[in-house]
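Q: Put the two chains together into one complex; each comes in its own frame, and the hints tell you how they fit.
The listed protein sequences correspond, in order, to chains Z and V. Throughout the first sequence, residue numbering follows the working numbering, covering 1 to 247 in sequence. Throughout the second sequence, residue numbering follows the working numbering, covering 1 to 238 in sequence.
Derived from the structure by calculation, the hints contain no laboratory data. Just so it is clear, the structure is predicted and the values come from calculations on it, not from any experiment. Honestly, I wouldn't trust all of these hints.
Label pairs and their calculated CB-CB ranges [what the hints assert, rightly or not]:
| hint | chain 1 | residue 1 | chain 2 | residue 2 | range |
| --- | --- | --- | --- | --- | --- |
| 1 | V | L181 | Z | R122 | 39 to 47 Å |
| 2 | Z | D14 | V | S95 | 14 to 22 Å |
| 3 | Z | E147 | V | V97 | 44 to 52 Å |
| 4 | Z | L44 | V | M83 | 42 to 50 Å |
| 5 | Z | L44 | V | A175 | 53 to 61 Å |
| 6 | V | S98 | Z | D93 | 18 to 26 Å |
| 7 | V | G207 | Z | K243 | 50 to 58 Å |
Ideal Cβ positions, reconstructed from N, Cα and C, are used throughout, including at glycine.
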Amino acid sequence: MNLTLKIWRQKNADTKGKVVTYQVADISPDMSFLEMMDVLNEQLIDKGDEPVAFDHDCREGICGACSLQINGEPHGPDRGITTCQLHMRRFKDGDTIVIEPFRAKAFPVIKDLVVDRSSFDRIQQAGGYISVNTSGNTQDANSIPIEKDNADMSFYAATCIGCGACVAACKNASAMLFTSAKVSQFALLPQGEVEADRRVLQMVEQMDKEGFGNCTNTGACEIECPKGISLENIARMNREYLKASVK
Amino acid sequence: MAKSALLKSSLAKKYWMAFTGLFLCLFLVGHLFGNLQLLIPVSEGARDQFNEYALFMTTNPAVKLLSYLTYFSIIFHAIDGIMLTINNRKARPQSYVSFRPSTNTMWSSRNMGILGTVILAFIVVHMTMFWGEMKFGGLDDTIYTTADGMEVKDLYTLTIKTFQDAQYGLLWAIAYAVAMLAIAFHLSHGFSSGFQSLGVNHPKYNGFIKKVGMAFAVLVPLAFAVIPFYIHFVLEKI
Chain Z
1 MNLTLKIWRQ KNADTKGKVV TYQVADISPD MSFLEMMDVL NEQLIDKGDE PVAFDHDCRE
61 GICGACSLQI NGEPHGPDRG ITTCQLHMRR FKDGDTIVIE PFRAKAFPVI KDLVVDRSSF
121 DRIQQAGGYI SVNTSGNTQD ANSIPIEKDN ADMSFYAATC IGCGACVAAC KNASAMLFTS
181 AKVSQFALLP QGEVEADRRV LQMVEQMDKE GFGNCTNTGA CEIECPKGIS LENIARMNRE
241 YLKASVK
Chain V
1 MAKSALLKSS LAKKYWMAFT GLFLCLFLVG HLFGNLQLLI PVSEGARDQF NEYALFMTTN
61 PAVKLLSYLT YFSIIFHAID GIMLTINNRK ARPQSYVSFR PSTNTMWSSR NMGILGTVIL
121 AFIVVHMTMF WGEMKFGGLD DTIYTTADGM EVKDLYTLTI KTFQDAQYGL LWAIAYAVAM
181 LAIAFHLSHG FSSGFQSLGV NHPKYNGFIK KVGMAFAVLV PLAFAVIPFY IHFVLEKI
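Just chain V, same shape as in the assembly (with noise of 0.2 Å):
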């Protein structure tokens, strides 16, 4: 039963949802971390620096570890998702005429299928436009050498043209706060419910849980948001 209990169980795609989404908020301190790079000036070595981080990010074997966790939890995280939705709408086959969870739940804890829907469509968007051409040939005709003497793919300047297009580089900037909108959401009932998931809530610590959760959600989401309007806007044309 004990095996079983860990794959099939009602429990078990909690503890799996929770396990994945968690990794997930790590990925996303360390994607920050990243993306961050593109705010420093492009006088100051930017493009180098850049596409210096991103040639290690695509080749350093732990890295690539890392990233295949990452698809990994996505896709994990998706299907749970999806099954748990599917399982919960069988439970209650005749809904109420009139039904008011407004009164007891935050809306983003009702949302999360709609909220990750979102992202899971801004993922495939965001990995089509930069992950893809960097890994499919898109960028091969960019290839330079740096100033420390790497060969890199140009992955820097694409992004800052992508943003900084004068006819479509506000709408994405548009597109992708939208986008870290949806995440914020869902982070905000996502963090703490992990916790509570895999068993974590004690009355001295909930509270404690529940404020870095929501500032966790605020704060990364934000500082992903503010990088392409600060491309377009602030940063020295390319």
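If we strip away everything but chain Z, and leave its shape as in the complex, we get (with noise of 0.2 Å):
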């Protein structure tokens, strides 16, 4: 396969960034998306150019470390998927594909495609744990009873990765479906009720100083999320910080 490839360099954070054109020829099917961008960066190596930064890590799909909006939409066409996990097969010979960075205040760019999530992490500390005794009479989580639709609901909301694509694909860069599916992944457990009230308070705060937009409702989140966080969630939250609220 032949394809154009439009993508957003930006050297650093204090610099402006644009879109630069290159052609990568001999693109085999199977090559996984980042495959193709090493692809793109060996040839850039060999002629004494500056690769293309951008982030990954496992390449399977699990750390959430890969990004990229790739022709408008986080992690490209598919659904379900990361980026790592986005073959060249979807595309066609002869197509072009704009590659930028996941774009919100919040997610500054590093350089290139790679942007600084950071703001995930302070968000997740700001609540997103349980604090547990481990001074030598830990309790095996297992001896508590907890409901299988609880169970599974929480499991299903710590899939969660925090790659980011739902900020990149709100149109208001909100980060609701990411608070709210760590909000929920402890709130739908009894381990996680004793601190419930402060944890779904403190998130929220946290994530509203990080300058995230505010979630309107338009579904944009759940349909591109690799993992299929359910809006589910984000209605969970507002239960639980209406609730912790007026307490």
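A: So, in structure tokens, the structure goes:
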């Protein structure tokens, strides 16, 4: 496959970026999108040019490191996958592909396609945990009976890999789906109930502080989420927050 | 923290948006039932009935309270919407070169601000045309006594004449229909979105809420839009 790539190049956070056009030839349809990016970078290095910086780690869809807005959609045109799981057979020979970083005030560009998503870490740190006494008499988690439905819903919420596609897809750059998944995974379990009020209040406060937009229920996040995190979690967070606010 | 959480946080904005929006849905139903009286034939005492109803709506204390709540809701809903839009624009200072939201969202969900602006403009025009005339003396010369012996202003004749006007009647009917179309699209997102914002989301009921929302978004504006055309084309001329 021969492709035209329009890629966002930006030296660092302080400089203005621009779209640069590259040609890549002989791309195998069986390559993953990131392998195609590797080919481009080999080509650039051979020519003595600066390779394109992009985030990646596990390359099997579980770490949440890869990002990329591909042709106007986070993680590209397919549903339920991350960029590393996107394959070149999804494109046609001769296609032009626009590749940009995830864009949000709370995700500043570090270089080229790499953005700083530590705002997610700070939201998590604000309350996305449970306090457990580990001083030698730790209780087995399985000793607390948990209703199967709640256990499943908590598990599904916990499958969020924090990649930021929800923010990237949202027209408001809102982090509601991420935050609500992190609130929900604990809110649904007895272990999480103890700190439930403080958790939701603090995590939402941090989310607002980071400069994310407000949710307007367009539902783009749910559709673009590689893990299929449901809008139900946002409604749960809305309930949890309302409950905690009026207390 | 709890107090400011209900006033200033991003979620508070959602709650108030939903709460005022859903209240305004109730208002629409009430307003529609009142307006449907305009379909009564002139010969069956429509003038007296509608004007007595208008008098009741402008003087009854309970209705007055509801009307103040309605004004408050409209203003708050609009201001909240403007604030949300400004905040949301700030959240993405650098826009995408290529952004394809049509692949994952409905047009109406993305354009609630534009639809809301059209609706707000319509409310201003609509209230100037009828409520303003009724309230601020435009109809003072038209006071008459009904068959029941009540002194009323003739809002009925003003309304019917507006839409039966040979020159502008049909244009007004079309303009009203356009505004109702904006309300229909606004409601197609807003109704179910309001429930989601207030935390009402359950796989068992989501389908039902969506369906009721869609039916509401189609039927209520449609019924409103039919009235001016009915007055123009069908109702006997006065």
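Q: Hints first: check each against the structure and report whether it holds.
A: Consistency of the hints with the structure:
1. A hinted range of 39 to 47 Å holds for the C-beta pair L181 of chain V and R122 of chain Z, which are about 44 Å apart.
2. Against the hinted window of 14 to 22 Å, the Cβ-Cβ separation of D14 of chain Z and S95 of chain V comes to about 19 Å, which satisfies the hint.
3. Taken as a hint, the range 44 to 52 Å holds for the pair E147 of chain Z and V97 of chain V, whose Cβ atoms sit roughly 47 Å apart.
4. At roughly 45 Å, the beta carbons of L44 of chain Z and M83 of chain V sit within the given window of 42 to 50 Å.
5. Against the hinted window of 53 to 61 Å, the Cβ-Cβ separation of L44 of chain Z and A175 of chain V comes to about 58 Å, which satisfies the hint.
6. Taking the beta carbon of each, S98 of chain V and D93 of chain Z are about 20 Å apart, inside 18 to 26 Å as hinted.
7. Taken as a hint, the range 50 to 58 Å is violated for the pair G207 of chain V and K243 of chain Z, whose Cβ atoms sit roughly 25 Å apart.
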